[in-house]
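Undergrad: Got chain L; can you put chain E on it based on the hints?
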Amino acid sequence: QKEVEQDPGPLSVPEGAIVSLNCTYSNSAFQYFMWYRQYSRKGPELLMYTYSSGNKEDGRFTAQVDKSSKYISLFIRDSQPSDSATYLCASSTDSWGKFQFGAGTQVVVTP
Amino acid sequence: AAGVIQSPRHLIKEKRETATLKCYPIPRHDTVYWYQQGPGQDPQFLISFYEKMQSDKGSIPDRFSAQQFSDYHSELNMSSLELGDSALYFCAIPGQGAGGELFFGEGSRLTVL
Numbered sequence: 001q002k003e004v005e006q007d008p009g010p011l012s013v014p015e016g017a018i019v020s021l022n023c024t025y026s027n028s029a030f031q032y033f034m035w036y037r038q039y040s041r042k043g044p045e046l047l048m049y050t051y052s053s054g055n056k057e058d059g060r061f062t063a064q065v066d067k068s069s070k071y072i073s074l075f076i077r078d079s080q081p082s083d084s085a086t087y088l089c090a091s092s093t094d095s096w097g098k099f100q101f102g103a104g105t106q107v108v109v110t111p
Numbered sequence: 001a002a003g004v005i006q007s008p009r010h011l012i013k014e015k016r017e018t019a020t021l022k023c024y025p026i027p028r029h030d031t032v033y034w035y036q037q038g039p040g041q042d043p044q045f046l047i048s049f050y051e052k053m054q055s056d057k058g059s060i061p062d063r064f065s066a067q068q069f070s071d072y073h074s075e076l077n078m079s080s081l082e083l084g085d086s087a088l089y090f091c092a093i094p095g096q097g098a099g100g101e102l103f104f105g106e107g108s109r110l111t112v113l
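Chains as they are written, first to last, in our numbering: chain L, 1 to 111; chain E, 1 to 113.
What the hints contain is simulated information worked out from the structure, not anything from laboratory work.
Note that the Cβ used here is the ideal one computed from N, Cα and C, for glycine as well.
A couple of the hints might just be wrong.
Quick list of the computed label-pair ranges, beta carbon to beta carbon [stated by the list, open to error]:
id: 1; chain 1: E; residue 1: D56; chain 2: L; residue 2: S53; range: 23 to 29 Å
id: 2; chain 1: E; residue 1: S70; chain 2: L; residue 2: S20; range: 43 to 49 Å
id: 3; chain 1: L; residue 1: K56; chain 2: E; residue 2: G58; range: 23 to 29 Å
id: 4; chain 1: E; residue 1: D56; chain 2: L; residue 2: D78; range: 38 to 44 Å
id: 5; chain 1: E; residue 1: S79; chain 2: L; residue 2: A17; range: 45 to 51 Å
id: 6; chain 1: L; residue 1: T93; chain 2: E; residue 2: S65; range: 22 to 28 Å
Just some of the chain L residues that point at chain E, by a computed CB distance under 10 Å [as the list claims (entries may be wrong)]:
id: 7; residue: K2
id: 8; residue: M34
id: 9; residue: Q38
id: 10; residue: E45
id: 11; residue: L46
id: 12; residue: A90
id: 13; residue: S92
id: 14; residue: K98
id: 15; residue: G102
id: 16; residue: G104
In the BS3-like style, the derived pairs of lysine-lysine whose C-alpha atoms are separated by at most 25 Å in a straight line are [as the list claims (entries may be wrong)]:
id: 17; chain 1: E; residue 1: K52; chain 2: E; residue 2: K22
id: 18; chain 1: E; residue 1: K22; chain 2: E; residue 2: K57
id: 19; chain 1: L; residue 1: K70; chain 2: L; residue 2: K2
id: 20; chain 1: L; residue 1: K56; chain 2: L; residue 2: K67
id: 21; chain 1: L; residue 1: K2; chain 2: E; residue 2: K57
id: 22; chain 1: L; residue 1: K67; chain 2: L; residue 2: K2
id: 23; chain 1: L; residue 1: K2; chain 2: L; residue 2: K42
id: 24; chain 1: E; residue 1: K13; chain 2: L; residue 2: K42
id: 25; chain 1: L; residue 1: K42; chain 2: E; residue 2: K22
Next up, chain L with everything else stripped away, as it sits in the complex (with noise of 0.2 Å):
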């Protein structure tokens, strides 16, 4: 079993919508959290990165991080057509440790 699990999706949305991204995780050493933003054959683009428990925000992006239920989410305000990609959550035990990554959720926001 994964340690970090993630619904594949696909997940459509129409454009302006709020977009709703979770993980569950398995490992309570779990520490630090990101979500990646996947589009196809590139790389992983960084979004949001969050240590241990909270809310954390960024423009258009927030994302929250529940320890005591290893529940982890972005919400993505004001969907553009853009943002369809794959999202990915990771998570690892300290800051230079290896990542553990969600299957990647793929969204499709339709205009």
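TA: Below, chain E alone, put in the same frame as chain L:
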């Protein structure tokens, strides 16, 4: 901003051949990670280096080896290639901040025929 240059971007090999992928962190960085992403799969950690020494090892086959050189570029060597080795191979470096961020290169796409 930190970045990673990978070469070649695309590589086609036959079964049982050898391939070498290269990674150039910009600016130079003492830490590098290699990941493999199969078709429709999430990235899987292969191996990492810190100050030219192997720091961690993941699901890297024995047919693969890697090295970080004195100029901090890194190479992933793959021998006796198999069809299942067809994947995107990413090199990644940590961010310059407090830690935790990982920045990926554009990847090298290996196709084994």
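Undergrad: Which of the numbered hints are not met once you compare them with the structure shown?
TA: Hint check: nothing fails, all pass.
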